[in-house]
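S.K.: Protein sequences appear in the order of chains V and Y.
Just so you know, the first sequence maps onto residues 1 to 254 in the numbering used here.
Just so you know, the second sequence maps onto residues 1 to 254 in the numbering used here.
Please keep in mind that the hints were generated in silico from the structure rather than gathered at the bench.
Just so it is clear, CB atoms sit at the ideal spot from N, CA and C, and this is done for glycine as well.
Check the hints yourself; a few may be wrong.
[Stated by the list, open to error] Below 25 Å or equal to it, Euclidean Cα-Cα: the simulated SDA-like pairs (lysine to any residue) are:
no., chain 1, residue 1, chain 2, residue 2
1, Y, Lys177, Y, Leu26
2, V, Lys133, V, Met47
3, Y, Lys84, V, Ala195
4, V, Lys155, Y, Val53
5, V, Lys252, Y, Thr25
6, Y, Lys133, V, Arg49
7, Y, Lys252, V, Val154
8, Y, Lys84, Y, Leu51
9, V, Lys177, Y, Trp253
10, Y, Lys252, V, Arg54
11, V, Lys148, V, Asp60
12, Y, Lys252, V, Gly223
13, V, Lys155, Y, Trp253
14, Y, Lys84, Y, Ile181
15, Y, Lys155, Y, Trp253
16, V, Lys252, Y, Gly27
17, Y, Lys84, V, Gly140
18, V, Lys172, V, Gly140
19, Y, Lys155, V, Asp254
20, Y, Lys177, V, His134
21, Y, Lys148, Y, Arg202
22, V, Lys155, V, Val121
23, Y, Lys252, V, Asp254
24, V, Lys252, Y, Arg152
25, V, Lys148, Y, Asp254
26, Y, Lys57, V, Tyr204
[To be verified] Just a sample of chain Y residues kept apart from chain V, beta carbon distances all over 12 Å, derived:
no., residue
27, Arg24
28, Gly27
29, Val29
30, Asn37
31, Thr56
32, Lys57
33, Pro86
34, Glu115
35, Glu132
36, Gly140
37, Lys172
38, Asn216
2 protein chains.
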Amino acid sequence: MHILVTNDDGVTAPGLLALAQEMRTLGRVTVLAPDRNWSASGHVKTMERPLRVRETKLADGTPALTSDGAPSDCVALALLGVVKEPVDLVVSGINPNANLGHDVTYSGTVTAAMEAVIAGVSGIAFSLDSPEKHGELDYGPAARMAAKVAARAVKEGWPGNVVLNVNIPYMKDGEFKGVMITRQGLRVYRDELVARQDPRGRNYYWIGGEVPTGVNEQGTDFGALAAGYVSVTPLQLDLTAYNAIDTLQQWKWD
Amino acid sequence: MHILVTNDDGVTAPGLLALAQEMRTLGRVTVLAPDRNWSASGHVKTMERPLRVRETKLADGTPALTSDGAPSDCVALALLGVVKEPVDLVVSGINPNANLGHDVTYSGTVTAAMEAVIAGVSGIAFSLDSPEKHGELDYGPAARMAAKVAARAVKEGWPGNVVLNVNIPYMKDGEFKGVMITRQGLRVYRDELVARQDPRGRNYYWIGGEVPTGVNEQGTDFGALAAGYVSVTPLQLDLTAYNAIDTLQQWKWD
Numbered sequence: 001m002h003i004l005v006t007n008d009d010g011v012t013a014p015g016l017l018a019l020a021q022e023m024r025t026l027g028r029v030t031v032l033a034p035d036r037n038w039s040a041s042g043h044v045k046t047m048e049r050p051l052r053v054r055e056t057k058l059a060d061g062t063p064a065l066t067s068d069g070a071p072s073d074c075v076a077l078a079l080l081g082v083v084k085e086p087v088d089l090v091v092s093g094i095n096p097n098a099n100l101g102h103d104v105t106y107s108g109t110v111t112a113a114m115e116a117v118i119a120g121v122s123g124i125a126f127s128l129d130s131p132e133k134h135g136e137l138d139y140g141p142a143a144r145m146a147a148k149v150a151a152r153a154v155k156e157g158w159p160g161n162v163v164l165n166v167n168i169p170y171m172k173d174g175e176f177k178g179v180m181i182t183r184q185g186l187r188v189y190r191d192e193l194v195a196r197q198d199p200r201g202r203n204y205y206w207i208g209g210e211v212p213t214g215v216n217e218q219g220t221d222f223g224a225l226a227a228g229y230v231s232v233t234p235l236q237l238d239l240t241a242y243n244a245i246d247t248l249q250q251w252k253w254d
Numbered sequence: 001m002h003i004l005v006t007n008d009d010g011v012t013a014p015g016l017l018a019l020a021q022e023m024r025t026l027g028r029v030t031v032l033a034p035d036r037n038w039s040a041s042g043h044v045k046t047m048e049r050p051l052r053v054r055e056t057k058l059a060d061g062t063p064a065l066t067s068d069g070a071p072s073d074c075v076a077l078a079l080l081g082v083v084k085e086p087v088d089l090v091v092s093g094i095n096p097n098a099n100l101g102h103d104v105t106y107s108g109t110v111t112a113a114m115e116a117v118i119a120g121v122s123g124i125a126f127s128l129d130s131p132e133k134h135g136e137l138d139y140g141p142a143a144r145m146a147a148k149v150a151a152r153a154v155k156e157g158w159p160g161n162v163v164l165n166v167n168i169p170y171m172k173d174g175e176f177k178g179v180m181i182t183r184q185g186l187r188v189y190r191d192e193l194v195a196r197q198d199p200r201g202r203n204y205y206w207i208g209g210e211v212p213t214g215v216n217e218q219g220t221d222f223g224a225l226a227a228g229y230v231s232v233t234p235l236q237l238d239l240t241a242y243n244a245i246d247t248l249q250q251w252k253w254d
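Pulled out of the complex, with its shape left as it was, chain V reads as follows (with noise of 0.2 Å):
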């Protein structure tokens, strides 16, 4: 199995590297990944400038590709040819940040996977659900965990529509409570507009305010993570909301 890694993190980011090593467990492992954060940036498709492409190496001293281009652009330049070995399945992440609910749109991590599998090549993103507060992330258990998910997905097999959407508690190895199959829950953004001043007395505003929080739902991602298991979601392209279209159906047009 020949599997491609990518993040939105950046090639340098230690949750790839985590993901990289355990992922080698499992198969032939190509690293393509963004030189650059491109965190909440959404789905890209980079048509108005050309990519770069260049060699570079992780931490562990192994190969990697990096492109100036958004996380989606890194797997369809990997698909599209640049990486010359058939890729069976697409990775991405870790992201230090859990993705759910719908922040899924946002998420260059999931995106990365949707790009993927709008290509015809399975997709799994991973993010790990750290602390709001914390020093050093250690992606150990969170990687080995993916290994596990990923080995499960791939030998069970699963429609070539679908993205998986895995988030991770941050625990240690031995303490997750297992893995519970999942829908989106709801998201609770809790933005705020922060307007200030340039020393020349210009307004600018930051998007700021408080972390998400989630509704804490049985069946959804985020009820998963509350209880300590891992939460896999799996998510189609389709967005089409079926069950208003027989409301919108009612409308009268002249």
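Here the structure of chain V is known, so what remains is to put chain Y in place on it, guided by the hints.
M.R.: Here is chain Y on its own, set in the frame of chain V:
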């Protein structure tokens, strides 16, 4: 009714002007749109840098606001308080190209409307299915159709967690067959890697290839446009692949 108008092509785009002008027949309009083109930029939340907002004018002399943020940032800024008066409806567009099938997660036009819905405000995205080769586009008929759809939608109401993704065929007034409520169809991307060398002999890559096509199936956004109808697709922010949950729950974990 107070309507916020934005887009992903920038505040000077003719599609935005046409939409803002027609929306004035339905209520009071505020424009807050990006200061540059953000096509295929996806769903962005800019948190690592502050955003500017400045006053400008549309080509018809009416006041507008513009920001260096992404389309979804413009919506967030407006709804978080840069625009003082409460907003009842956010409309985004008119995009010069259709946003169909899997395009919706890449689309700045659609993700701007998603941002509104996440903030609890109704959101509609408008895109024009313009011919591949064309001179200067006439947005007039599409803008009048957009106002008709928005007026009907507001009058009838629709579920609050649903984004309306409206695609309008490139036709003259009176040629439209009607409005069809659709599901998201299947996009067929035809991206190709175009590898070149710079004057210093180093490789660079374009994501090139032909314009994507779609599967022209009845009941889909593609099918409606092909038949000369305006396509209205209700989109939800819950991407859970509910059909896949049962399959995944059969997986055996040690």
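S.K.: Hint by hint, note whether the structure agrees.
M.R.: We went through each hint and held it up to the structure:
no.	hint	verdict
1	Y:Lys177 with Y:Leu26	holds, 23 Å
2	V:Lys133 with V:Met47	violated, 38 Å
3	Y:Lys84 with V:Ala195	holds, 13 Å
4	V:Lys155 with Y:Val53	violated, 51 Å
5	V:Lys252 with Y:Thr25	holds, 20 Å
6	Y:Lys133 with V:Arg49	holds, 21 Å
7	Y:Lys252 with V:Val154	holds, 12 Å
8	Y:Lys84 with Y:Leu51	holds, 17 Å
9	V:Lys177 with Y:Trp253	holds, 12 Å
10	Y:Lys252 with V:Arg54	violated, 41 Å
11	V:Lys148 with V:Asp60	holds, 22 Å
12	Y:Lys252 with V:Gly223	holds, 21 Å
13	V:Lys155 with Y:Trp253	holds, 11 Å
14	Y:Lys84 with Y:Ile181	violated, 34 Å
15	Y:Lys155 with Y:Trp253	violated, 51 Å
16	V:Lys252 with Y:Gly27	holds, 21 Å
17	Y:Lys84 with V:Gly140	violated, 48 Å
18	V:Lys172 with V:Gly140	holds, 8 Å
19	Y:Lys155 with V:Asp254	holds, 13 Å
20	Y:Lys177 with V:His134	violated, 59 Å
21	Y:Lys148 with Y:Arg202	violated, 52 Å
22	V:Lys155 with V:Val121	holds, 15 Å
23	Y:Lys252 with V:Asp254	violated, 56 Å
24	V:Lys252 with Y:Arg152	holds, 8 Å
25	V:Lys148 with Y:Asp254	holds, 10 Å
26	Y:Lys57 with V:Tyr204	holds, 20 Å
27	Arg24	holds, 21 Å
28	Gly27	holds, 19 Å
29	Val29	holds, 21 Å
30	Asn37	violated, 7 Å
31	Thr56	holds, 15 Å
32	Lys57	holds, 19 Å
33	Pro86	holds, 14 Å
34	Glu115	violated, 9 Å
35	Glu132	holds, 15 Å
36	Gly140	holds, 19 Å
37	Lys172	holds, 18 Å
38	Asn216	holds, 17 Å
In the structure shown, a violation is registered for the earlier hints numbered 2, 4, 10, 14, 15, 17, 20, 21, 23, 30 and 34, in ascending order.
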